[in-house]
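**Q** So the chains spell out like this:
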Amino acid sequence: MTVTEAAPRQIQLTEDGQLKHFLTLDGLGQPLLTEILDTAESFIEVGARSIKKVPLLRGRTVVNLFFESSTRTRSTFELAAKRLSADVLNLDINTSATSKGESLSDTLLNLEAMASDMFVIRHSQSGAQHFIAAAVTPGVAIINAGDGRHAHPTQAMLDMLTIRQHKGRFEGLRVAIVGDVLHSRVARSQIRALNTLGAEEIRVIAPATLLPKDVEALGCKVFYNLQQGLRDVDVIIMLRLQRERMEGALLPSEKEFYKLYGLSVEKLAYAKPDAIVMHPGPINRGVEIESAVADGPQSVILNQVTNGIAVRMAVMSMAMSGQVAERAAGGQS
Amino acid sequence: MTALLNIDQLLDDLEAGLKDLLSARGIDNPAMIGIRTGGVWLADNLSKRLGLQEPYGELDISFYRDDFSRIGLNPRVKPSHLPFETEDRDIILIDDVIMSGRTIRAAMNEIFDYGRPASVTLACLVDLGARELPIQPDVVGQRLELASHQRVKLRGPEPLRIELREQEGH
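Protein chains in written order, with this note's numbering: chain A, 1 to 333; chain B, 1 to 170.
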């Protein structure tokens, strides 16, 4: 028997196609992405109850392992795990203290010895979570909370949920992603998700210095002019300018960037009148977006945060479910 | 082989049983909740028969099942929807078939996460016995004892009918 070439990316699926890790949106089809969104809808309803908790992961231990700092993502993962009744351990590990390879494996072995059932991992190295998922003990689920410039799949899925709630569909939608695409793992995952879910047109709008070379190959159109790019779009996704990742002079100045690519009330008028404005946060007011837009009627930025909890509950429970199903199938054979 | 039970007769019996019980318990403003999927179809029918003004609630117990560590999550889970406060309300809980009692346990756990009801009355269309938990319906349309290869299933929503099937391989 030969090993199929598709094997590396299918590491996140069971043999019958259920999620067992959540590492990337690559290789996940429209039905599975829709199942994640539908399951998340059910968890949104749970968030509206007087007791916002379900017993799905009762008795299981979830470890949040953050090698890069994060407030929103880590806290929504924590809240999601707690609302699933899991026990949660938060570990913030400074990247400089851990070199890739051996020490990462050792960290994990130690945490596995504490009978953890799931690791939610953020790491500055692209692919770190794949590496861990390949090495981890069977039965333990790995969730990617952002790896390097590669992927941030739960952020993309909460964005998709927000779009579906406001637009009701993906077919026929024009979506513009604006700003620092080069450093954005969020943008890569969003483009993948939008293509899989059937959006009509995905535009990236940025200066050439903030676009990756291969960006069109991801399945999107490039615009260098904000006004042109925003014309007739249904959804505008602003990206944060990731100054901490910038090496060298990619931008003349933040003022210059805002003048050309910042979303002001005036620029927003180029989009459809019912266009929604999104931002993965944290927002830099006056750098990417004018306060009047961020706080305005078309902004759905805070909906995104609420949806983040529900999407993370969905992904965590589905991955744990896949591990359970795989173990059950293994027991039978 | 497929046999049909008389659904209209069973619904008449449920309606009469519920009316008697509610009046005996002095409950004049109950709120109805159906368990997906069959229980919701029945709640739609029974809430009209009982003349309830309030819309009925729909419960999806997928997040509360006790067999997650064996079979995982139902991929077709839908949001539960209770269009009223459960706190201090008299609830009528409806399901199509009761057997082990585990579905009802899950449903009651879920209802209590919305608030503390004053009471819960359980009505089931068919009671198959074979209970694994100390849970009994207050009103039953029909008690059946099935052979191990027989299954009963409510079909609907329009028209509602109840099928008694022989399982394949027998």
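It is worth saying that the hints were derived from the structure and are not from the lab. One thing to keep in mind: the hints can contain errors.
In the EDC-like style, the derived pairs of lysine to aspartate or glutamate whose C-alpha atoms are separated by at most 16 angstroms in a straight line are [unchecked claim]: (1) A:Lys53 with B:Asp113; (2) A:Lys52 with B:Glu163; (3) A:Lys167 with A:Asp214; (4) B:Lys78 with A:Glu35; (5) B:Lys78 with A:Glu45.
FRET-style restraints, in silico, Cβ to Cβ [what the hints assert, rightly or not]: (6) A:Ser253 with B:Pro83: 41 to 47 angstroms; (7) B:Pro83 with A:Gln30: 27 to 33 angstroms; (8) B:Gln53 with A:Arg169: 32 to 38 angstroms; (9) B:Leu52 with A:Lys221: 51 to 57 angstroms; (10) A:Gly47 with B:Arg116: 18 to 24 angstroms; (11) B:Ala24 with A:Arg58: 35 to 41 angstroms; (12) B:Pro75 with A:Gly172: 23 to 29 angstroms.
Here a beta-carbon is modelled for each residue, glycine too, at the ideal position from N, C-alpha and C.
**Q** Going back to the hint list, which numbers does this structure go against?
**A** When the structure is compared with the hints, numbers 2, 3 and 6 turn out to be violated.
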